[in-house]
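Novice: Just so you know, the protein sequences line up as chains A and C, in that order.
Read in order, the letters of the first sequence correspond to residues 1 to 253 in my numbering.
Read in order, the letters of the second sequence correspond to residues 1 to 851 in my numbering.
Source of the hints: derived by calculation from the structure; they are not laboratory data.
Among the hints, a few may not be true.
What the hints assert, rightly or not - Chain C regions said to be covered by chain A (calculated; three or more residues, Cβ under 8 Å):
no., stretch
1, 480-489
2, 600-608
3, 838-849
What the hints assert, rightly or not - Once the Cα atoms are required to be at most 30 Å apart in a straight line, the calculated DSSO-like pairs of lysine-lysine come out as:
no., chain 1, residue 1, chain 2, residue 2
4, A, 152, C, 89
5, A, 173, C, 841
6, C, 170, C, 154
7, A, 130, C, 841
8, A, 117, C, 621
9, A, 189, A, 130
10, C, 621, C, 637
11, A, 152, C, 698
12, C, 54, C, 13
13, C, 801, C, 841
14, C, 623, C, 637
15, A, 173, A, 152
16, A, 130, A, 92
17, C, 841, A, 92
18, C, 801, C, 663
19, A, 125, C, 841
Each residue gets a CB set at the ideal place from its N, CA and C atoms; glycine is no exception.
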Amino acid sequence: MSAETEAATPTSAVGDVVVATDLTKIYGEGDSEVRALDGVSVSFPKGQLAAVMGPSGSGKSTLMHILAGLDRPTGGSVLVDGTELAGLNDQKLTLLRRDKIGFVFQFFNLLPMLTAKENIELPMKIAGAKPDPEWEATLVEATGLGTRLTHKPAELSGGQQQRVAVARALLSKPAVIFGDEPTGNLDSKTSGEVLDLLRRAVDEFDQTVIMVTHDASAAAIADRVLFLRDGKIVRDAGRLSAGEILDTIKTLE
Amino acid sequence: MFGLVLRGLATRKLRSALTAIAILLGVTMISGTLVLTDQIDRAFVQIFQAGNAKIDVVIKQKPPFENVQTSVYLDAAVVDQVRKVDGVKTADPFIQSEGYLIANGESLNSTGGAPSFVFSNLPQDLNPYTPIDGRLPEASGEVAVAKEIADKGKVKVGSKQQLATQDGIKDVTVVGILQYGNGDTSLGGSTTVLAPLADVQQWWALEGKASYIYVKAQDGVSQGELKDRVRAALPQQDLIVQTGREDADEQAGQLNDLIGKIIRYALLAFAGVAILVGAFIIYNTFSITVAQRTREFAMLRTIGASRRQILASVIGEAFLIGLLASVAGIVLGLGLAWGLGKLFGAIGFGLPATGLILSWQTVVVCLAVGIGITVLASIFPALRATRIAPIAALREGATLPVGRFAKFTPAIAVVIGVLGGAGMAYGLISSGSTTGRLTTLAGGAILIFLAVAMLSRYIVRPVVSVLGVPIGAVAGGVGRIASENAARNPARTAVTAAALMIGIGLVVFVTIFVGGIKASFTGAIDSSLKSEITVSARGFGGTIPAAVLPAVQGVEGVQTASPVGGTAVQIGNGGYALIGIDPTTLPEVYAFDWTDGSDALLGTLGTDKALVESTIAEELKVKPGGTVDVLSISGAKATFTVVGTYTDPTILNGIVVDQPALKPLLQSNATGLNTVFVRVADGTSVETVQAGVEEALKQFPTAQVQSNQEQKDQAASGVNTILVIFYALLALSVVISLFGIVNTLVLSIFERTREIGMLRAVGTTRRQLRAMIRWEAVITSIIGGVLGVLLGILFGWAVCKGLESDGLVFVFPTSQILIFLVLSIVAGVLAAILPARRAAKLDVLAALSYE
């Protein structure tokens, strides 16, 4: 463990939603072996907004993919809401993602032929579940999409589309929401709208959000900022300003 | 640029392969058909050449008119004139008739529609048959039989057997087992018995007659030379003199016209349907790939490719796919021909077989059609590719520009549809040649298919919103996505569905048409016949011995036995049936549907008056009071005054005269009897009387006894066989359209890779994803199925109405249509298997990061 610990404890504790222990991910073999993750242990408590940063190839995306059950580690263990991911088959992993995990993607990934409302409800429809109307109304209110619900994605701005995506992730009240560069495809103004929404999700709705980002201003709203380099966590900090974040990144590159 | 085309094909292997299959199957069918029919053609030539191998000159009667299938005979005494000709070594009369051996109670007749021959014996130097056991027949009552039937019936030389002849069953002794030619020529399913000339003449009522006179030349006299000498020696201008070779080629040609060409054109018609379906799929595939490659084309344009080069690259790709598919199709066609040959043999339609023949014509036709259709179908998509502006390379999500004529599409489609409807109407009601009418009919149908395919994009969304409700209820969220996906690109879904529509449409049409034929026959029996039992001719030139009538009349419980006879005649340029009836008994067994006249006319017919079936009367433009001049197949002529008209396109379809008027027009071997309608006395069981009639006619194997129900069943079974063959042939088109669905789905999934990644990430299971794709396929196939059923009903109804005067009845095939709809759903499910698997296998992360 070379990571300095400033805010959160890396060891498992009751109330941790996501717990990773000694994760390794190795691509290739022999000389061409690449260690994308090299013994990462980290826990995320409920109600925290965490940002994961690091230069390209640092392993931050790989970490998120493994934590979210989209990819499998070469070694180590991941617990999501108490469930060990290792050993789950594709079917069980899919159902776990469906029931416990929400996603916000860089490219929004909305279905173009469905309306905003239908896109929000999509994961629950797939699960065959009925959305809680009160909660849905709250989300619609929070996202400010009230008048745009019957519009198709092509008729929405990028910021609106991403807010739809955030609402989609929140609707099933998952244990954790993963964001993969959620502002990566937005300008600074619309980025702000989306980040506000994520912040409110944590503060007002008691959700847990883990996002990978390049954007220092995005990471600046997080309760905790993790820095990765060469597959290892090199700094695990609490709230940082954008300036502090940029300084840290410079030291990493 | 061409290198780029090759690389493109190589990187899009699956797509290219699926596209190729669309055209490959059609080409396979063309190639298979041509190879098979060439084979049949050659086999016929071989058979007749082997038959005439020893014969230098053939003399035969010229039929009084063409296009008759009744045999004509010449005076056997002509042989005396021929024998006097210088250079003639041997000359002998020969009769070809129909009959078969009954060995140990088993009828050794032919199978699958091939003829059962009894030939008069010839001296060995003219005879194509050689005994391999025993000898040729000499004395009366002796026969020799072909090896095939001897084997089948375990017939031994010296055994006493029976021979079914026109004159009833005769006792014969088998004196020889025969081999045809040098033993390596197959005669298909036909059977042969040789009997002495005098016996054949007597048993087939051909005393003094011959089918042919065969002549052998003396050494040193050529066939041509001898032919000229014989011709010069024969003053009769109604005799035809040919060399053995000419006669063999002519007979092979006639048989080929009758069988080979029908098989060829019927199979080619179905191959044409398959090609048409393939064309839709190719058009669709190219449209989709061009749309997907918008940025690639734009990039090529930015780096300096001209529009012409873009056009050439797309068409070049089509050319290559067409070429590969055609070559593969030709090869597979050889396999198909081989398999069909085996299949025909297995179901009793034993075709005479020779080796597989791949002629250069077959290769040229297959390449031309395969490549031509592929290139043609790719032209519109290729033109659209040229309209992509270079700037599109820089835009995210650039889409293909709308075609220049897109806004006129509905109008164009309507014009095409109206033209198609007009073509069909003309084909149905015009009085032109059958070929011409069929061609306009088929052309009209193709145009209507095309118009519906063009317009069906507008019904995709409404259909989906209707289907979406039950599908959403059954499949939930994925059902909803599937519905939306199907409606996402209506043109794409419409064309995919249209390919299936053609197959299903034709299946429904054929069902209705064939059902109409069946219904017309059963309807005619129900409405016209008052008799319960019918005695009719089984083969044998359609005639039964005169002795059948008194035999039937003698059966207990028979109230009326009414004889009907007939002959082929020519009136004007058309061939018709002249039907001889018995005016006193006919009204008891048959109900005329008079258009002009009454039963009272029957007694007044005498020898110079006739009744004419109403459709024929229209064709001949005669009304009561007018006259018809008939030329009989025997060469005799007569004139009848028309006194009445009636409608019956099925049972008495011809010109009805009193029996005495028919007699002088008959050939010598015709008895003037082909049917006896039997009315059973009131209060007597039909079964008992039928059994009695059968017993009384045991001696006459050519007479077939059937109840009305048996007649209907026989007609139905014949018609059903045809229906099954049509279904099998149309199944190919349906299979091709399945590949179309597969292709469209694969391409769409490829387009939606990232969406699929998202769906999987947010918790869609593989099973749900497969279901989603399956539902999309099912929606497409339902659209195709419903459109096909509707068009099939429309075509069926139009054709049945148009041919109403020929007795065709429109019957709505409710149960079959339900089955076809279910089958089209099954088709969708099947088509979804491969695409669904591919989609489910996609790696979530890779799919998510897919651009």
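Novice: So, for every hint listed, does it hold in this structure?
Specialist: Hint by hint, here is what the structure shows:
Counting residues of the stretch 480-489 of chain C whose CB lies closer than 8 Å to any CB of chain A gives 6, so the stated coverage by that chain holds, three being the minimum. For the stretch 600-608 of chain C, the assignment as covered by chain A is violated, since 0 residues bring a beta-carbon within under 8 Å of that chain's beta-carbons and 3 are needed. Against chain A, the stretch 838-849 of chain C contributes 3 residues with a C-beta closer than 8 Å to a partner C-beta. That satisfies the three-residue criterion, and the hint holds. Under the criterion of a C-alpha separation no larger than 30 Å, the hint pairing residue 152 of chain A with residue 89 of chain C is inconsistent with the structure, at around 96 Å.
Using a Cα cut-off of 30 Å, the hinted pair residue 173 of chain A and residue 841 of chain C holds, with the two alpha carbons roughly 29 Å apart. Between residue 170 of chain C and residue 154 of chain C the alpha-carbon distance is near 19 Å, which keeps this suggested pair within the 30 Å criterion. As the CA atoms of residue 130 of chain A and residue 841 of chain C are separated by approximately 29 Å, the hinted pair is consistent with the 30 Å bound. This hinted pair does not check out: residue 117 of chain A and residue 621 of chain C have alpha carbons roughly 73 Å apart, beyond 30 Å.
Between the alpha carbons of residue 189 of chain A and residue 130 of chain A the distance comes to roughly 34 Å, so the proposed pair goes past 30 Å and is violated. A threshold of 30 Å between alpha carbons decides the hint, and for residue 621 of chain C with residue 637 of chain C the separation of about 20 Å falls inside it, so the pair holds. A threshold of 30 Å between alpha carbons decides the hint, and for residue 152 of chain A with residue 698 of chain C the separation of about 83 Å lies outside it, so the pair is violated. Of the supplied pair hints, the one linking residue 54 of chain C and residue 13 of chain C is violated, its CA atoms being roughly 59 Å apart against a limit of 30 Å.
With a C-alpha separation of about 53 Å, the suggested pair residue 801 of chain C and residue 841 of chain C falls outside the 30 Å cut-off, and the hint is violated. For the proposed pair residue 623 of chain C and residue 637 of chain C, the alpha carbon gap of about 21 Å is at most 30 Å, so the pair holds. Restraint check: the Cα-Cα separation between residue 173 of chain A and residue 152 of chain A comes to about 24 Å, which is no more than 30 Å; the hinted pair holds. Our distance criterion of 30 Å between C-alpha atoms is met by residue 130 of chain A and residue 92 of chain A, whose separation comes to about 21 Å.
Taking the CA atoms of residue 841 of chain C and residue 92 of chain A, the gap is about 16 Å. The hint holds against a cut of 30 Å. Between the alpha carbons of residue 801 of chain C and residue 663 of chain C the distance comes to roughly 38 Å, so the proposed pair goes past 30 Å and is violated. Taking the CA atoms of residue 125 of chain A and residue 841 of chain C, the gap is near 22 Å; set against the 30 Å cutoff, the hint holds.
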